[in-house]
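Using the sequences and the hints, build the whole thing.
Here are the chains, one letter per residue:
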Amino acid sequence: MNSAPLLKIPLARIAHARSGDKADWVDFGLFAWNEAGYRIMEREVTAAKVQAHFAPWLSGQVDAWALPNILALKFVLHGALQGGGARNLRLDNLGKAMGAALLRLEIEITAMELAAARKTAELTGQ
Amino acid sequence: MTQAIRIGSGLGFYGDNWDPVVASIERGQVQYIASDHLAELTLAILQKDRQRDPSLGYARDVVPMLMRLWPLMQARGVRFVCNAGGLNPMGAARAVRSALAGQGWHPRIAVISGDDVLPLLQAPDARFDHLMNGTDVTSVRERLVFGNAYLGAQPIVAALGLGADIVITGRVADAALFLGPLVHGLGWKLGDATTPEDFDRLAQGLTVGHLLECSGQGSGGNFGSQGHWQDIPDLAHIGYPIAEVLADGTAFITKAPGTGGLVNFDTVRQQLLYEVHNPHAYFSPDVVLDMGQIELRDEGMHRVRVTGARGRAPTHELKVVAGFRDGFKAEVSWGFSWPDAWDKVQAAEAMIRTQLQERQMPFDELFVEYPGLNSAHGPLAPLPPVTELNERAEIWVRMVLRTPSKAVADGFGRLFPWMALSGPAFTCGFQGLNSSSELLGIWPTLIPRHRVSARIEMLEAST
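Chains L and P supply the protein sequences, listed in that same order. The numbering of the first sequence is the working numbering, which starts it at 1 and goes up by one. The numbering of the second sequence is the working numbering, which starts it at 1 and goes up by one.
Source of the hints: derived by calculation from the structure; they are not laboratory data. A portion of the hints provided could be inaccurate.
Straight-line distance between alpha carbons at most 30 angstroms, and here's what the computed BS3-like set of lysine-lysine pairs gives [claimed, not checked]:
#	chain 1	residue 1	chain 2	residue 2
1	P	Lys48	L	Lys22
2	L	Lys96	L	Lys49
3	L	Lys96	L	Lys8
4	L	Lys119	L	Lys49
5	L	Lys22	P	Lys406
6	L	Lys96	P	Lys319
7	L	Lys49	L	Lys22
8	P	Lys319	P	Lys48
9	P	Lys406	P	Lys48
10	P	Lys48	P	Lys189
11	P	Lys48	L	Lys119
12	L	Lys8	L	Lys49
13	L	Lys96	L	Lys119
14	P	Lys48	L	Lys96
15	L	Lys96	L	Lys22
16	L	Lys8	L	Lys119
17	P	Lys406	L	Lys96
Structure follows, in structure tokens:
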């Protein structure tokens, strides 16, 4: 199993996300489509990896929580908004587009894992 | 005691669309609409309004919104709670009363204030450390322009108990706009909550409020994904979320029939974690929520069952968000065409930096980004090689100056026009000749609860 070749894919292939702001913090909800995806996310998307991914952006810390009950991870980035939305000079002063930047984080998984983690059922039915 | 309450989402921010609320009132069988007009930043905007005209300082969209919605609500006995009062709840209430009276409508309007704690923050001996970085408030005290505590649901419950048809508040916790009607309608314990069951019910109510406070974000709007946002039907006619809440706290999220959008496990959980930090300690003035055992389950189309929120007693402090003057900014944007677009942008930027220096215009920062290349993702969107950038059809640049001097900010845009005839060729779309504005810094802090007292006033009918 461990010898299966690893694919490098963006997180967007197996997850969805939303970002928001509070003062100088940006927060992310990151969601797997299913249990298999959640297990991969837990393994691949650690606070340290998120911090490294956003390193060119911020020096502050990254907090992380796991919510297996809703197949989600929660991340909070400190010091991400130039002091806060009201003084941030960027066009995206509230970090609303930063959730997409998280979905570009590259992860390594096997083809079998990818097949299991992708969304299959339609959004509208269970 | 009522067995179930249906409450619908109003606006999710100052400037949001109220058309979807019509569907919730007409076809969603709601008894209440709760409307959140105040993002964290909104008070900074309202402060600028109030500086220009002391009778303003509230979210002015509440007036046309209620002109549209009130006759529909009145006919069905639907009651309305909102925080559109902003920095001036009484001003908002008077404006609403006056507009509705012009049509012969006379709802009972309650005004909730007492959230303004600016004088306490300004007291010379006051200790209000920055909630996130611990800095002492003395560094900004002289520059504070507003400071408001987040009130809880209790004054809203009281106002509804007094028979208010419309409740207009200043700053309250967003979710309290929803928790208030639930506590009132379902007879839950709030101020006298003691048992784990009491707090779990309140936690369910807070969860409902959190799921509904951002309007369409709770029903498929702003669904962040690659390749799956397209699955959300008919966003142009989105139905804002509606919650059906039982007396035991069990809740169902749904929306009005015949509307667009999507309410399911995926769309609801995206909103559940939105702007939440520690999900095991989501603070509110009424209850501290732990989301760790929340269960969201699809129960047919556009119906998600919400259970498992756990609550514990709130802390003895309320959150405050204050704003302080933090200098000025001015911004310009400008398009440069092929050939050599990138080199021309760099040349223009260098000339502006030279001018700032030669004219001795002091500034803290000249922030430069390239819309179309890196505005959304900043340093996480690496720029292509210069040879490729120079071959692009066009490059846009946005330059923003941050400076302590209003005069420097006012003069920034004036540095550019000469380049139209005397600078690099093939440019278009310059904007920002007069674009200076004041920046407000946000100061989040805590205040002992006993130092804040909510005030409830029933507005006398207009004559």
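Cross-check of the supplied hints:
Pair hint Lys48/P plus Lys22/L holds up; C-alpha atoms about 21 angstroms apart against a cutoff of 30 angstroms. Restraint check for Lys96/L and Lys49/L: satisfied, since their Cα atoms lie roughly 21 angstroms apart, inside the 30 angstroms limit. Distance restraint check for Lys96/L and Lys8/L: the Cα-Cα separation of roughly 26 angstroms lies within the 30 angstroms cut-off, and the hinted pair is therefore satisfied. Distance check on the hinted pair: Lys119/L and Lys49/L sit about 24 angstroms apart at the alpha-carbon level, within 30 angstroms; holds.
As the CA atoms of Lys22/L and Lys406/P are separated by approximately 27 angstroms, the hinted pair is consistent with the 30 angstroms bound. As the CA atoms of Lys96/L and Lys319/P are separated by approximately 23 angstroms, the hinted pair is consistent with the 30 angstroms bound. Simply put, Lys49/L and Lys22/L have alpha-carbon atoms about 22 angstroms apart, close enough for the 30 angstroms limit, and the pair holds. The hinted pair formed by Lys319/P and Lys48/P meets the criterion: a straight-line CA distance of about 22 angstroms does not exceed 30 angstroms.
The straight-line distance between the Cα atoms of Lys406/P and Lys48/P is roughly 15 angstroms, inside the 30 angstroms bound, and the hint therefore holds. About 39 angstroms separates the Cα atoms of Lys48/P and Lys189/P, which puts this hinted pair outside 30 angstroms; it is violated. A distance of roughly 46 angstroms separates the Cα atoms of Lys48/P and Lys119/L; the hinted pair therefore is violated under the 30 angstroms criterion. Pair hint Lys8/L plus Lys49/L holds up; C-alpha atoms about 15 angstroms apart against a cutoff of 30 angstroms.
With a C-alpha separation of about 24 angstroms, the suggested pair Lys96/L and Lys119/L falls inside the 30 angstroms cut-off, and the hint holds. Of the supplied pair hints, the one linking Lys48/P and Lys96/L holds, its CA atoms being roughly 24 angstroms apart against a limit of 30 angstroms. At roughly 11 angstroms between alpha-carbon atoms, Lys96/L and Lys22/L fall within 30 angstroms of each other, so this suggested pair holds. Between Lys8/L and Lys119/L, the direct Cα distance comes to roughly 18 angstroms. Compliance with the 30 angstroms bound is thereby established for this hinted pair.
A threshold of 30 angstroms between alpha carbons decides the hint, and for Lys406/P with Lys96/L the separation of about 29 angstroms falls inside it, so the pair holds.
The structure fails to meet hints 10 and 11 from the earlier list, while all remaining hints are met.
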